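Required output: the full structure, derived from the provided sequences and hints.
There are 2 protein chains.
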Amino acid sequence: MAVRSAEDTLSEIVRAGGAHVPQLLGLVEERLALLCAGHGPVLAEPAGDTIAAGGKRMRPLLVLLAAGSRTAREPELIAAAAAVELIHSATLVHDDVLDGAQLRRGVPTVWAQSGRELAVATGDLLFSRAFYELTAVGSLPAVRSLSRATSALAEGELLQRQDAWNPAVSVERYLLRCELKTARLFEAACEMGGQVARLRDEQIAALGGFGRALGLAFQLLDDVIDVAGPASLTGKHRGTDLLDGTVTLPLILARARDTGLAAIDLRTITTPEQAEAMCERIEGTGALRESRSRALQIVAEAKRGLDELPLEDAQRRALNLVADSVADRRA
Amino acid sequence: MAVRSAEDTLSEIVRAGGAHVPQLLGLVEERLALLCAGHGPVLAEPAGDTIAAGGKRMRPLLVLLAAGSRTAREPELIAAAAAVELIHSATLVHDDVLDGAQLRRGVPTVWAQSGRELAVATGDLLFSRAFYELTAVGSLPAVRSLSRATSALAEGELLQRQDAWNPAVSVERYLLRCELKTARLFEAACEMGGQVARLRDEQIAALGGFGRALGLAFQLLDDVIDVAGPASLTGKHRGTDLLDGTVTLPLILARARDTGLAAIDLRTITTPEQAEAMCERIEGTGALRESRSRALQIVAEAKRGLDELPLEDAQRRALNLVADSVADRRA
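Which chain is which? The protein sequence lines are A and B, in order.
First residue of the first sequence? That's 1 in my numbering, and the numbers climb one at a time after it.
First residue of the second sequence? That's 1 in my numbering, and the numbers climb one at a time after it.
If you are wondering where the hints come from, they were derived from the structure by calculation, not from laboratory data.
The model shown is predicted, which means the values in this text are computed figures rather than measured ones.
For each residue, glycine too, the CB sits at the ideal point set by N, CA and C.
Don't take each hint at face value.
To give an idea of the chain A side of the interface with chain B (calculated C-beta under 7 angstroms), a few residues [what the hints assert, rightly or not]:
hint : residue
1    : His94
2    : Leu98
3    : Leu118
4    : Val120
5    : Leu125
6    : Arg144
7    : Ser147
8    : Thr150
9    : Ser151
10   : Leu158
Label-pair distances were calculated between CB atoms; the ranges are [stated by the list, open to error]:
hint : chain 1 : residue 1 : chain 2 : residue 2 : range
11   : B       : Glu301    : A       : Glu7      : 54 to 60 angstroms
12   : B       : Gly100    : A       : Ala6      : 38 to 44 angstroms
13   : A       : Arg289    : B       : Ala33     : 44 to 50 angstroms
14   : B       : Asp201    : A       : Arg330    : 39 to 45 angstroms
Rendered as structure tokens:
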């Protein structure tokens with residue numbers, strides 16, 4: 001199956017009536033570059049490099065789409081979209097320090113390039129500039145949504161550290177971690193778009209619910225892909241989570257199906273080859289298929305939820321396309 | 001000279017007409033304890049420990065005093081005071097990771113106790129909860145002030161890392177670092193108090209200027225104390241900044257006065273005994289006296305600025321007392 005890229009999704013959104021979206025995303029990029037630039041004698045190259053290295057810009061896209069075609073408050077909308085991406089980047093920079101990851105999207109991570117000290121400070125800078133950007137033009141509800149999400153992010157990070165190397169973690173606890181680590185920022189992105197567009201509270205909450213479900217599915221599929229590979233598509237070894245001690249749904253489900261697998265001590269898996277073998281074994285139990293199916297079910301429910309919302313036609317189509325792109329992701 | 005404690009200053013403030021201040025500070029403490037508690041399955045002991053270990057609570061005090069006796073918006077005021085302290089604590093937790101510091105206020109640092117991973121996440125959590133707390137009840141201008149200050153904090157941290165081990169750094173650049181790292185959060189504390197009390201913009205700006213000057217003097221004296229000791233008073237060796245490669249005003253001034261001292265490579269100072277000897281030598285040049293005198297001059301100017309402000313009498317006396325406590329600090 002061909003991999004659907006962020007560009008493909010964007011083209012589809014344009015064809016579905018979102019002709020203004022690429023231009024807005026371009027403005028978000030410009031704003032991000034500006035926000036990550038150094039000021040006076042303070043150099044901030046690592047911050048700029050992180051942002052420039054890009055990514056799918058999934059969260060800014062959700063901010064823009066949730067606001068619909070009501071772009072009268074464009075500077076506020078751009079700020080909200082940029083702020084969400086800055087927070088996402090900040091967490092990546094800190095995560096890479098925590099995980100000791102050498103590469104991110106094929107380029108050396110901030111800490112690998114500049115040391116742990118600079119990376120922690122760079123993450124803090126991105127984090128602070130996100131709030132500064134948003135407060136400079138934004139509404140208090142949007143700042144509230146973002147800060148609620150960042151609190152959840154940090155809690156999710158703590159939960160992940162506390163649960164590391166513990167394969168007996170429950171599905172519920174795993175799902176809570178995904179919600180805190182990923183879903184809440186997706187939720188905030190959608191809420192913020194709605195808040196900037198001054199939608200009614202119920203509508204903002206419903207859009208937030210859509211984002212939250214999408215984020216949860218996104219994380220589940222991320223965890224599936226880490227086990228499923230293949231490396232040729234993802235650009236990294238299978239089973240990096242196993243080597244980190246991060247216990248995800250495929251492993252949890254596989255342990256319930258294969259008592260021999262359940263008896264394996266995670267700490268004995270220390271090489272990419274051992275991780276690869278473990279991934280094969282997890283796949284053999286059908287746990288990957290079930291994990292993916294759970295994620296797709298969540299996406300389907302999120303899409304059904306959209307049907308009940310009083311959205312513009314083009315907006316509904318665009319949000320559906322983003323949901324499809326999450327469901328289709330393979331890398 | 002007897003050391004003046006935070007309690008002494010508070011008693012003086014009460015006698016000067018600020019009878020409501022200790023009770024408000026008590027509410028801030030309660031709020032801080034609540035904000036740092038774990039939520040559900042997410043444990044957050046390190047965050048709570050950090051806050052419980054205390055400190056002078058200088059920044060929350062400034063928030064309360066800047067608001068004067070207009071405490072009608074008490075929940076907002078408590079939130080603002082708690083938020084500033086959470087940010088301060090977050091930076092301490094991250095700083096300790098960056099500096100590899102084992103002890104803080106006599107207790108093991110978060111990272112020394114729980115590892116670097118948990119410490120970075122704990123700092124992020126404190127940081128996020130600060131904004132969440134403030135946005136839950138606060139005004140947008142207050143959130144703006146706080147986020148501007150946290151951006152400055154991170155920039156100051158980056159600047160410090162960039163200038164580490166470079167003794168040729170200029171006085172201007174050193175002062176900029178102090179401003180970014182310390183003065184801006186003091187400024188934000190005063191602004192936020194004024195914002196919560198709905199003071200006029202000029203008055204808020206003037207209070208902010210007072211806080212900024214106070215913060216600058218605070219950092220200068222902090223750096224003086226690191227060189228001056230004595231260990232019996234400060235509870236740590238003299239010259240920890242030298243061992244960290246952090247170049248401060250006493251060293252900068254001493255280098256200009258003693259070419260022999262200027263020729264010393266900082267990286268050759270690796271033991272507490274060598275640091276102690278270097279501190280003696282810096283002191284011998286008169287650089288400590290001059291550094292302290294610069295700080296006291298800044299405090300005096302800040303106090304003169306207060307005279308021109310239309311403040312309540314008790315409020316003016318209280319802010320003067322805080323300024324005196326900064327000038328008097330010896331540890």
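Structure-based check of all given hints:
Annotation: interface hint on histidine 94 of chain A holds; nearest CB of chain B at approximately 6 angstroms, less than 7 angstroms. Checking leucine 98 of chain A against chain B: minimum C-beta separation of about 5 angstroms stays under 7 angstroms; hint holds. Against a cut-off of 7 angstroms between C-beta atoms, the interface hint on leucine 118 of chain A holds, since the closest Cβ of chain B lies about 5 angstroms away. For the restraint placing valine 120 of chain A at the interface with chain B, the shortest Cβ-Cβ distance is roughly 6 angstroms, inside the 7 angstroms limit, so the hint holds.
Interface restraint check: leucine 125 of chain A against chain B, minimum CB-CB distance 4 angstroms, threshold 7 angstroms, status holds. Interface hint at arginine 144 of chain A: satisfied, since its Cβ lies 4 angstroms from the closest Cβ of chain B, which is below the 7 angstroms cut-off. Using the Cβ-Cβ criterion of 7 angstroms, the hint placing serine 147 of chain A at the interface with chain B is satisfied: the shortest such distance is roughly 4 angstroms. The interface hint given for threonine 150 of chain A is met, as the beta carbon of that residue sits about 4 angstroms from the closest beta carbon of chain B, less than 7 angstroms.
Look at serine 151 of chain A: its Cβ gets to within about 4 angstroms of chain B, closer than 7 angstroms, so that hint holds up. About 5 angstroms separates the beta-carbon of leucine 158 of chain A from the nearest beta-carbon of chain B, less than 7 angstroms, and the hint is met. About 57 angstroms separates the C-beta atoms of glutamate 301 of chain B and glutamate 7 of chain A, a value consistent with the hinted range of 54 to 60 angstroms. At roughly 40 angstroms, the beta-carbon separation of glycine 100 of chain B and alanine 6 of chain A lies within the given 38 to 44 angstroms, and the hint holds.
With their beta carbons about 47 angstroms apart, arginine 289 of chain A and alanine 33 of chain B fall inside the hinted range of 44 to 50 angstroms. At roughly 54 angstroms, the beta-carbon separation of aspartate 201 of chain B and arginine 330 of chain A lies outside the given 39 to 45 angstroms, and the hint is violated.
In terms of the numbered hints stated before, the structure departs from hint 14 and from no other.
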